[in-house]
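Trainee: Just need the whole structure built from these sequences, with the hints factored in.
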Amino acid sequence: MLQDKRFFNRDVQDKLLLAAIWGAAAITILFLLWVVWHILSNGLTHVSWEFITSSYTRIGEASGIWAMIVSTVYMVGLSLAIAAPIGIMTAIYLTEYAKPGSKIVKTIRFCTESLAGIPSIVYGLFGMTFFVTTLGLGFSILAGSLTLAMLILPVLIRTTEEALLAVPMSYREGGYALGSSKIYTIWRLILPSAMPGIVTSVILSIGRVIGESAPVFLTAGMVTQIPESVLDSGRTLTVHLYKLTQELFTQHEWDQAYATATVLIVLVLILNLATKFIATRINKAS
Amino acid sequence: MNTASKVRTTGLELAPAKTFDWKERFFHLLFLACAMVGVISVATIGWFVFQEGLPAFKEAGVLNLVLGKEWLPPALYGIFPMIIATLISTAGAVIIGVPIAILTAVFLAELAPRWLANIVRPAVELLAGIPSVVYGFFGLVIIVPAIETLFNIPAGNTILAGIIVLAIMILPTVITISETSLRALPSVYKEGALALGASHIYSIFKVLIPAARSGIFTGVALGIARAIGETMAIIMVMGNAPAMPGSLLEPARTLTANIAMEMSYATGIHSSALYSTGIVLLVFIVLLNASLLYLNRKRSY
Numbered sequence: 001m002l003q004d005k006r007f008f009n010r011d012v013q014d015k016l017l018l019a020a021i022w023g024a025a026a027i028t029i030l031f032l033l034w035v036v037w038h039i040l041s042n043g044l045t046h047v048s049w050e051f052i053t054s055s056y057t058r059i060g061e062a063s064g065i066w067a068m069i070v071s072t073v074y075m076v077g078l079s080l081a082i083a084a085p086i087g088i089m090t091a092i093y094l095t096e097y098a099k100p101g102s103k104i105v106k107t108i109r110f111c112t113e114s115l116a117g118i119p120s121i122v123y124g125l126f127g128m129t130f131f132v133t134t135l136g137l138g139f140s141i142l143a144g145s146l147t148l149a150m151l152i153l154p155v156l157i158r159t160t161e162e163a164l165l166a167v168p169m170s171y172r173e174g175g176y177a178l179g180s181s182k183i184y185t186i187w188r189l190i191l192p193s194a195m196p197g198i199v200t201s202v203i204l205s206i207g208r209v210i211g212e213s214a215p216v217f218l219t220a221g222m223v224t225q226i227p228e229s230v231l232d233s234g235r236t237l238t239v240h241l242y243k244l245t246q247e248l249f250t251q252h253e254w255d256q257a258y259a260t261a262t263v264l265i266v267l268v269l270i271l272n273l274a275t276k277f278i279a280t281r282i283n284k285a286s
Numbered sequence: 001m002n003t004a005s006k007v008r009t010t011g012l013e014l015a016p017a018k019t020f021d022w023k024e025r026f027f028h029l030l031f032l033a034c035a036m037v038g039v040i041s042v043a044t045i046g047w048f049v050f051q052e053g054l055p056a057f058k059e060a061g062v063l064n065l066v067l068g069k070e071w072l073p074p075a076l077y078g079i080f081p082m083i084i085a086t087l088i089s090t091a092g093a094v095i096i097g098v099p100i101a102i103l104t105a106v107f108l109a110e111l112a113p114r115w116l117a118n119i120v121r122p123a124v125e126l127l128a129g130i131p132s133v134v135y136g137f138f139g140l141v142i143i144v145p146a147i148e149t150l151f152n153i154p155a156g157n158t159i160l161a162g163i164i165v166l167a168i169m170i171l172p173t174v175i176t177i178s179e180t181s182l183r184a185l186p187s188v189y190k191e192g193a194l195a196l197g198a199s200h201i202y203s204i205f206k207v208l209i210p211a212a213r214s215g216i217f218t219g220v221a222l223g224i225a226r227a228i229g230e231t232m233a234i235i236m237v238m239g240n241a242p243a244m245p246g247s248l249l250e251p252a253r254t255l256t257a258n259i260a261m262e263m264s265y266a267t268g269i270h271s272s273a274l275y276s277t278g279i280v281l282l283v284f285i286v287l288l289n290a291s292l293l294y295l296n297r298k299r300s301y
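Protein sequences appear in the order of chains A and B.
Letter by letter, the first sequence follows residues 1 to 286 in full-length UniProt numbering.
Letter by letter, the second sequence follows residues 1 to 301 in full-length UniProt numbering.
Fair warning: there could be bad hints in the mix.
[Claimed, not checked] Just a few of them, taken from the derived set where beta-carbon distance is under 10 Å, the chain A residues facing chain B:
1) Lys-15
2) Trp-34
3) Ala-62
4) Tyr-97
[Unchecked claim] Sample of chain A residues with no beta-carbon within 10 Å of chain B, all distances over it, derived:
5) Ser-54
6) Ser-55
7) Arg-188
8) Glu-228
9) Leu-231
10) Gln-251
11) Arg-281
Hints are computed from structural coordinates only; laboratory data are not their basis.
For every residue, glycine included, the Cβ atom is placed at its ideal position computed from N, Cα and C.
Mentor: Printed below as a string of structure tokens:
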């Protein structure tokens, strides 16, 4: 029998620990409910079609977030357009082509992990000097997207790799047995069956792009106009919320901040539900 | 970070019987070229950060900069207060957040009925996806005023507010990874403990948690990395005074906040000093990863 010296007798000790576990879980859940509930209950009433689709001026009553939504969409689209192909092709290289354990694989993995470990503000620092100043892109959606593309690359590579590794070996063997080339097998057999996993990894990256703020305002700026091209500066939703919180004076400004936070939480909820939906479809398929 | 360091590929050496194929060759090189983008990115970021940070180190001296207690650009560039603020806020978040997170992970892996776990787990994932500015906003409207009333101080923008916000923010990371590593344990561990007459709770604390510790360490390290790297939420709740904090109820500025707040207008040596702030931040992350590697090597069996 396991035995050691204890202060309490065993039953009391077990009950205390049990209480601690339930207590901790309760605290986690309560915090979550509190954060989400507080924002939604104060914000939902101020989210209207008009709030979403009208423009914003710093002084005055125009308080819509349409320009920020457009900037955020640009940012998500462009970052993914840059990072997704590179990330997916890197994952294909690592799983299908590279020799396991070779120097080049080790280097690539080491670098991807280092990229994942760099704090996002350092990306902002780098992006501002390199893309904004050195390359002369100015504060622009393009500079911001390039910076965020580097930031989401590790997530894309890792999750796509998982998806590719989950494809049964027999698919590859079958493809080759039928005499198809390697690239044809990858294109027609492996990628389609890994697609749900790849889509999940893209959704995760969308969440990252929407959620980032520090590297974004250092590279894309915070202009509240609708960007006309990718070389214009734009303010994303998170940066907008940050700017709003710096001037919470009137009730109207409070309402705007709550409403913007609500929009962000709803976006995160939608992305989470989308990944859940795809995950259950993968489970059903296998 | 360190989680995916296992080398895995499909390792399939089969290739269709064909002679030299230009198309195959092209795609092979294309994929390789893409794989090098990550390598080039790290090299460029590393080179830039160090290149840009060097002038400040040269001008002020490494020790003056790292141990200097006053930040008054363009005259004095001491980031010691920021280092201390980063360390205190991270340590505080870990002390509050990690026990709650590990116990919640135990709850999810061992105790929760299936239906409850199926509600709590997605909730934790949602918590992970919420943007940091939203946490900052929450901290600003709930935690900061609460600290003002509780401690009867004029401004609640304090290290304590930062600690509480960070503690909430690291919960999902630590919970998810700890739960995964608890679930990955072979069931014989628990069965063995129970067969020896240990209670369920006893076996959790004396067998399961110790056995899963390398995974739990990884989760904690990722949580620490998130706390060190967090910027906006900290700016919003911690008051941002670049002075040495005397207590938890005083405002402070972390390394990340220092960069974010001043980068947009800094020039010359000032901007270089922000890069050296970034270098110090990177050193923290490298030390964290190295210690994690060390711990896992020593303790895993």
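Trainee: Let me make sure I understand: some of the numbered hints might not hold for this structure. Which ones are they, in numerical order?
Mentor: 3
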